[in-house]
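Each number in my numbering comes from the position in the sequence shown (counting from 1) with 21 added on.
Any given hint might turn out to be false.
[As the list claims (entries may be wrong)] What follows is a set of in silico ranges between Cβ atoms, one per label pair, in the way DEER data are often shown:
| id | residue 1 | residue 2 | range |
| --- | --- | --- | --- |
| 1 | GLU83 | THR179 | 43 to 49 Å |
| 2 | GLN132 | ALA68 | 18 to 24 Å |
| 3 | ALA54 | GLY109 | 24 to 30 Å |
| 4 | ALA239 | GLY80 | 38 to 44 Å |
Because the hints were derived from the structure by calculation, they are not lab data.
Predicted model, so just to flag it, every value in this text is computed and none were measured.
Even for Gly, the Cβ is constructed at its ideal location relative to N, Cα and C.
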Amino acid sequence: MHAKLRPLAIAVVVVLVQAALVAFFAWPSLRTAPRDLPVVVTGPAAAAVTAELQQKLPGGFEITTVGDAAAADQALRDREAYAAFVTGPDGVTLHIASAASPAVATLLSQQAPGPVVDVVPVDSGDPRGAGLAAAFLPIVLTSMVAGIILTLAVASRTGRLAGVTGFALLAGLGGAWVLHQGYDILPGGYLAGAGALALLAFAVSATLAGLGTALGRAGLGLGALLVFLLGNPLSAVASAPELLPQPWGAIGQLLPPGAGATLLRSVAYFDGAGGAVAAWTLAAWAAAGLLLLAVPGRRQAPAEGRATPEATEAAVAAPIA
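The whole structure should be built from the sequences, with the hints applied where relevant.
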């Protein structure tokens, strides 16, 4: 390519990448709608409410009938459902858990036929959950950057492992302190929140460092693709996996950002309920990253003019003429 055309070509490529990123990040938000959203119904008119929900939005809800209002509320606290339709002599009362998803709570409350009861409310300092969602992206991005920098700047595998471990620990403690103590938008125990953030940071940074160690710069690109391009828009941190087009919502929960968002909400608002799968998912990514860190990477070809160890030994052993 002619040297004068290279800047233009680079600009065109960057603009195309930008357009693809904008489209992919905006697409899930533009397709938000309930898809097999778990809800429960109870009371004498449970069958009628079930039929109405199925008729109004086919495929929108995964409906379970429970014995009474107490069981319905327990399903919300256990993160088995996002909402409960409690029927009685005075009609239907909608029970929600806005802490599980402010977006779902708002969507259902706007269409509620009667009173609304928030069984597990979101923190009063962050009533729409926007603060927690906005703070989540920097945690993921800095974890990516840590994995990339450690790969490029630290030569030894043990050094990279030590760096990833130290970063994850400090990232968890520091991030939880800002959200818990600084802004007071992360309820629950401080150490529980720090542990969730540390596990997320370790999973992301170890994955990037592991892929970079095993595959070089191509591995770093693959890690960024998985975590940033796919993981972030599919994380549902500002909505819910069941509001995203499927199977993308489910796939997002198998990637570190989505699993991290679910785990953080579980430990912050639900005493860990509903967070086991997310925790194991992050642990699996972390383990994969550690395994890749142990895999011998591709040897780099020696630079032109630089003597290899074998050539040096041969030169030393050769007789002097």
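A quick look at each hint next to the structure:
Between GLU83 and THR179 the beta carbons are some 47 Å apart, a value that agrees with the proposed interval 43 to 49 Å. Distance hint check for GLN132 and ALA68: the Cβ-Cβ separation is about 20 Å, which falls inside the suggested range of 18 to 24 Å. For the pair ALA54 and GLY109, the supplied restraint of 24 to 30 Å holds, since their beta-carbon distance comes to about 29 Å. Distance hint check: the CB atoms of ALA239 and GLY80 are about 40 Å apart, consistent with the given range 38 to 44 Å.
Violated hints are absent here; each numbered hint is respected by the structure.
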